[in-house]
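Residue numbers (the UniProt record's numbering), protein chains in the order written: chain A, 1 to 544; chain B, 1 to 544.
Hint data in this document are derived by calculation from the structure and do not stem from the laboratory. Just so we're clear, the structure is a prediction, and the values are computed from it rather than from any experiment. Any given hint could turn out to be false.
Going by beta-carbon spacing under 10 Å, a handful of chain A positions derived as facing chain B [stated by the list, open to error]:
| # | residue |
| --- | --- |
| 1 | Asn-290 |
| 2 | Phe-293 |
| 3 | Gln-487 |
Listed below are the simulated DSS-like cross-link pairs for lysine-lysine, each with C-alpha atoms no more than 27 Å apart in a straight line [as the list claims (entries may be wrong)]:
| # | chain 1 | residue 1 | chain 2 | residue 2 |
| --- | --- | --- | --- | --- |
| 4 | A | Lys-15 | A | Lys-349 |
| 5 | A | Lys-116 | B | Lys-123 |
| 6 | A | Lys-123 | B | Lys-123 |
| 7 | B | Lys-422 | B | Lys-349 |
| 8 | B | Lys-422 | A | Lys-308 |
Think of the CB as a built atom: it goes at the ideal place given N, C-alpha and C, for glycine as much as any other residue.
Okay, here's what each chain looks like letter by letter:
Protein chains: 2
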Amino acid sequence: MSSETLAGYLFNRLKQHGVIHTFGIPGDFALPLYRAQQDAGVDTVVCSHEPNALFAADAYARLRGLGVAVATYGPGALNMVNPMAMAYAEHSPVLLISAAPGVGQRHMAQIHHLVKTHESQLKILREVTAAAAVLDNPSTARDDIDRVLGTILSEHRSGYLEIPSDMTFAPLPERPATPSPVVQAVTGPSAAGLNEAAREIVDLVRAARSAVVMVGVGLRRSQVAREVIRLVEAWQVPVVSSVMGKSVFPERHPLFRGVFMGDLGDPEARRIVADADCVVKIGVIDSDVNNGFGTAEIPPECCISLCKHGVWVRHHHYPEHYIADVMGALVSECAERDVAPIAPAIQAKPVRPAGDVATLASLGEELQALLDGGTQVLADVGESWFLGLELKVDTFMAPGFYASMGFAVPGALGAGLADPDKRPVVLTGDGSFQMTGNDLAVMKARGLRPVIIVLNNSYYELLEVIDGPRDYFALPSWDYVGIAEAQGCAGQRVERVGELREALARAWDASEPFLIEVVISRQDHAPMMERIRQFFEEKAKSQG
Amino acid sequence: MSSETLAGYLFNRLKQHGVIHTFGIPGDFALPLYRAQQDAGVDTVVCSHEPNALFAADAYARLRGLGVAVATYGPGALNMVNPMAMAYAEHSPVLLISAAPGVGQRHMAQIHHLVKTHESQLKILREVTAAAAVLDNPSTARDDIDRVLGTILSEHRSGYLEIPSDMTFAPLPERPATPSPVVQAVTGPSAAGLNEAAREIVDLVRAARSAVVMVGVGLRRSQVAREVIRLVEAWQVPVVSSVMGKSVFPERHPLFRGVFMGDLGDPEARRIVADADCVVKIGVIDSDVNNGFGTAEIPPECCISLCKHGVWVRHHHYPEHYIADVMGALVSECAERDVAPIAPAIQAKPVRPAGDVATLASLGEELQALLDGGTQVLADVGESWFLGLELKVDTFMAPGFYASMGFAVPGALGAGLADPDKRPVVLTGDGSFQMTGNDLAVMKARGLRPVIIVLNNSYYELLEVIDGPRDYFALPSWDYVGIAEAQGCAGQRVERVGELREALARAWDASEPFLIEVVISRQDHAPMMERIRQFFEEKAKSQG
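Please put together the full structure from these sequences, using the hints given.
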């Protein structure tokens, strides 16, 4: 036996992949696991509620390539099923480590925290992860850990490890003479077909009357953002992003044109895609949201798609070539050029009178003037998301496909720790904030200074847009600044443009979390929300 | 086709079983379902977060025999997996109704809210329920609904129904000429063996030197509380309750002796059970918590157990006879007697000086003087639970086996609506409150006036008792009264006995939710917590 323990191996592996924080809440079965991560020098961030912890790990994963949550059995891990499902659906590489009753306790049919059987939790987590393992055998533990980590990193999906409490400090067998290398994401075999694919793509783009590149979230996960910039600058074609891919391409780049979401998204992006006879999708996921709910299908004849499972060119498929390989081949065809300058932050000062009522439009203008490379924007589902999609930003995170509410505030905790040089700016609604807005005190204790903007219209407004007004869409109105103050943070409630400007100035000067409650009317819609309203209105009409 | 729709049938069935409220949060796929329940006259209670909604439904179920939550697909239902697991594990008859994408949308592999496949959610919910069905066929929907409801009611476990959005208003076929009766819980066949079992039990109790009856949560679920009272009065034997069964037997009854939890529970109850040569368990679940973590196994030779799956007498089993049948047979053997008087509420006024520091002991004394038949106590895991177990109460709810944090505050919403004549009194810790304390505004809007007592020691103290002090057991200290005020409710922070007395008086007079933050030291332990501390201390010593 070596002096290396099971948990010691695991946490050292995670550190090799840049994970220096984990998120969770301790509980009795997980006590050894919490001690083990402290021993390994991993910083344990305790959150107010398990869903928050997993959302924080998700944001961390989106920025650093891997995020980790540590939970106790039953009430811990099962409270994270929804955000784990989101990490799976949204291609976020999150690992959930759950403690479990000891192997020596498995004969007990009625142990606290247990549901049906000792396998129930694993079966549940299998449904929301790309790989899962129970680490109950020290002699295979290293391989099991590496296999699950490898899948998370190559698939860019969630994964699950369950550790019986009496296995936490189990000594592992002696290592093989040559320690296995750091786990690598699997990439496709380099084959002769690569040049064929690259040549065909380049010929199609050159022959096109009007080409456009559409970037998606897969681009960030494949870490080819710089290659894409070089390529589009060589080709001099415009770039749009999918909804889920917002901010994977620099939005202040002169070739960037907006976020595409069919008839519901940016009209300029919509026009460029509709006019194009060659759309090169890079890492774009084919979802109902990305397609603007069927309002803008792109004919396969016009389409090239580099995705996780190969390359599609019109109607044929190169199954063995992945985004990173193909991007490499494409870029090698491009002559070196001067890199186009990225525009500076948009400095034009908004000019609305201070006495005007604060609206989403004025909030967008005021915020846009403040956003720069030192900020990262996180948005929740609903009006906040639609407003966020309109902003030009460098880093943007939102649950653009799975669409769970409540991501953005705890996400700011993960994002702030993952990239301390960028201040999180959160756009959230009253509904989402009421779900998971409880980690301001934790962020303060960690020295983070996010700006939390709560849009308060006391209503599930997106649902009204779909279904008309209903009693049960009304939300109780809270004093959100009072909530921030009760957690030791400051804030300001605003109704006028002048107050908004003052509050943003205070927030930008603050050395701790600052909450701004913006009171908006139910009739105040971001342009995208308004297009969605019209979409559903017309749908209702056509159905009689 | 009849004019009856699928959802119409479902909600009418639920009303026949006394369900007039459901708990949840609307979402796009669930919009038809929300309209349907409004059409059926079911009152939709919208909570701040899905876990809260399910906890509220759980408390409602514990009091009324059935509780219902209505969720949207994905982020809605998957956010309820943990409290659903708790309802399963704790024998609470909760139904979760989840919307799903329409049958006509199942060809879409990438629809928002979807995880892996259109079956993933069902597979997950199967692991935490006793019965589940997808209602995608109008011609079998009535049977599917009745089957799932029947299992929930007979097994006293959670169940799941999934309704594709385009099935919500699907017309059902004409009903059979004789409509099926209201779903009945399955009870055991009445067989000749019943008298044999009853006779044997009576003989053993009469022959015993010292008998005791131990009541468990299964007693409430089988609705035989009155029969148990009659029986013990006829036998004149003392009664203890299991941990999970607290308050199923009236605690002010002269024969009641305390809550049994082995060496860790009430010492008087422990002594009586240890001295007994005949322990009659009625509806007691054999869990590690109920057994005091192995500190008090009762020898099978001394044990009779009436449980959900038959009757055990020493080493033999009557598999076909269930609690209700056997209780009926036992009671029919008892002569009618005058019912023993239940003691009035404990009115002795606590006498500690007002200037003393408020402690758990003083809180227990002050509270005990106020608790009567008009109150129901809900407690969260940890110090709150141990304090609650010491109080003599008429109605008590706590997650005594599954032990998820965060039940009590949202539970008060469900309990308050389920039994409007009883005011909820919540004992919660700072950790639990930070998870799910966000429905005070909803309770206020519903006219409820719970008393919420938050024990604030800024620490996961139960974990310290098990594992010693750790940095990551510290909780940020909130201004809990500020949280209540931000939700439109009042409260008071107390550190002294006099303040506590004043705050309790204000709370009892209040016409809306009232929060009392009681600042306690980490060293202040309820007697049961202190016994647990000693238990782990000795365990650590014996392990070297």
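Now the hints, each set against the structure:
1. Asn-290: Cβ of Asn-290 (chain A) sits 8 Å from chain B, so the hint holds.
2. Phe-293: holds, 9 Å
3. Gln-487: With Cβ-Cβ at 6 Å, under 10 Å, it holds.
4. A:Lys-15 to A:Lys-349: With Cα atoms ~44 Å apart, Lys-15 (chain A) and Lys-349 (chain A) exceed 27 Å; violated.
5. A:Lys-116 to B:Lys-123: holds, 14 Å
6. A:Lys-123 to B:Lys-123: holds, 8 Å
7. B:Lys-422 to B:Lys-349: Cα-Cα ~22 Å, so holds.
8. B:Lys-422 to A:Lys-308: Judged against 27 Å, a Cα distance of about 58 Å means the pair is violated.
In summary, the structure is inconsistent with hints 4, 8 from the numbered list given earlier, while agreeing with the others.
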